[in-house]
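Residue numbers (numbering that gives the first Met the number 0), protein chains in the order written: chain Y, 0 to 183; chain X, 0 to 154.
One thing to keep in mind: the hints can contain errors.
Unchecked claim - Computed beta-carbon distance windows for the label pairs:
| hint | chain 1 | residue 1 | chain 2 | residue 2 | range |
| --- | --- | --- | --- | --- | --- |
| 1 | X | E21 | Y | N110 | 54 to 60 Å |
| 2 | Y | E114 | X | M50 | 21 to 27 Å |
| 3 | X | R47 | Y | S39 | 53 to 59 Å |
| 4 | Y | K19 | X | I65 | 33 to 39 Å |
Claimed, not checked - Listed below are the simulated SDA-like cross-link pairs for lysine to any residue, each with C-alpha atoms no more than 25 Å apart in a straight line:
| hint | chain 1 | residue 1 | chain 2 | residue 2 |
| --- | --- | --- | --- | --- |
| 5 | X | K38 | Y | A59 |
| 6 | Y | K38 | Y | K4 |
| 7 | Y | K38 | X | K38 |
| 8 | X | K31 | Y | W70 |
| 9 | X | K43 | Y | Y69 |
| 10 | Y | K12 | X | N15 |
| 11 | Y | K19 | X | L36 |
| 12 | Y | K19 | X | N15 |
| 13 | Y | K19 | X | K31 |
| 14 | Y | K19 | X | K6 |
| 15 | Y | K56 | X | S58 |
| 16 | X | K6 | Y | L148 |
| 17 | X | K6 | Y | Q41 |
| 18 | Y | K56 | Y | Y69 |
| 19 | X | K38 | Y | L148 |
| 20 | Y | K38 | X | K43 |
| 21 | Y | K20 | X | K6 |
Since the hints were made in silico from the structure, they are not lab data. Glycine residues also receive a C-beta, built at the ideal position from the N, C-alpha and C atoms.
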Amino acid sequence: MPEHKELIEACVKGDRLAQKKLYDTFSRRMYVVCLRYTKSQQEAEDVLQESFIKVFKSLAGYRGDSRFDYWIKRIVINTALNSQRKRLYMYPMVDVEDIKIASDNEKSMSNLHMEELLAMIQELPSGCQVVFNLFAIEGYSHKEIAEMLEVSEGTSKSQFFRARKLLQEKIAAVEKLERYEKFK
Amino acid sequence: MKNLSEKSDFEHLWENAFSEAEMAPSDHIWDKIDASLSKEEAGKYRKRVFMYKLLAAASIAFALGIGALSLNYYSRNETPAGLASKNTSPTELPHDKNANISSDNGSEPNRPIDDNESLTLNSEKSVPNKASTQETNDFVEQRLAPILNAPSEAP
């Protein structure tokens, strides 16, 4: 257990100051993860709270075989998925080959603030939102996502491409708006 | 067409946008976590206290059980032994007592066969019990006297 070893040990013993320190170290980053998987600040905070309680409960089982922040993030993602499960209606699979990869709004994307991108993700339908997060940002494969969500790999792919299409449209709309603002 | 299972630049841009992203949650979130952890600890503590109470109760029940058994043993068994030991000298008594206990341990399950008294109800037994009060007093005198005197006799 290389990083945060002493902090983790103190937390396992129930040292509340150490637990607060661990929370302060990771809560800000994990809060963004929660926001990405939920629809509102309230929901995200509920997930964050539940996640950290789980983290402290299962901390004694952390063996240091994965990076500690990944370990925490995994708990946060699982908690978020459970909270979304009722809402996770997956649209029937569409033929992935039919979806064109429209691109070229990559440049304008880098001008956007993280908060704006976050809002776009939150506006996606729940299935698209979760799959896009897992594939694009967390880096899971469609096979892994299919197992996590108990759907087919094709469904995961089609949800992802739908998410991408919606996001590209949103970015294009913002770009258009900005151009309009400049012109005015 | 690109391989659809691989991430494109678009996805990498999103990944990078969030890789170091931080936002502060409301302050009260920690308070809630703190309260939940305290509740959890209190629950564990209560559980432990309950276990100790249970253990204490079991110990008391066990002690009472042993007490009742030995009372039963003295009221039914030891009195005739006391009678028998009337003629023995006080110095022999501790040895005699050990002998009684060991013989009791061995023969107790067989007693109802040897002695019909065990099969009768307590009320019917009350007469022999009353009759044995005198003998019990003798027994107490004979048994306890050496024990009580022992410290003064010791050098």
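We went through each hint and held it up to the structure:
no.	hint	result
1	X/E21 - Y/N110: 54 to 60 Å	20 Å, violated
2	Y/E114 - X/M50: 21 to 27 Å	51 Å, violated
3	X/R47 - Y/S39: 53 to 59 Å	40 Å, violated
4	Y/K19 - X/I65: 33 to 39 Å	51 Å, violated
5	X/K38 - Y/A59	19 Å, holds
6	Y/K38 - Y/K4	35 Å, violated
7	Y/K38 - X/K38	29 Å, violated
8	X/K31 - Y/W70	22 Å, holds
9	X/K43 - Y/Y69	29 Å, violated
10	Y/K12 - X/N15	36 Å, violated
11	Y/K19 - X/L36	11 Å, holds
12	Y/K19 - X/N15	28 Å, violated
13	Y/K19 - X/K31	12 Å, holds
14	Y/K19 - X/K6	37 Å, violated
15	Y/K56 - X/S58	34 Å, violated
16	X/K6 - Y/L148	20 Å, holds
17	X/K6 - Y/Q41	31 Å, violated
18	Y/K56 - Y/Y69	17 Å, holds
19	X/K38 - Y/L148	32 Å, violated
20	Y/K38 - X/K43	35 Å, violated
21	Y/K20 - X/K6	36 Å, violated
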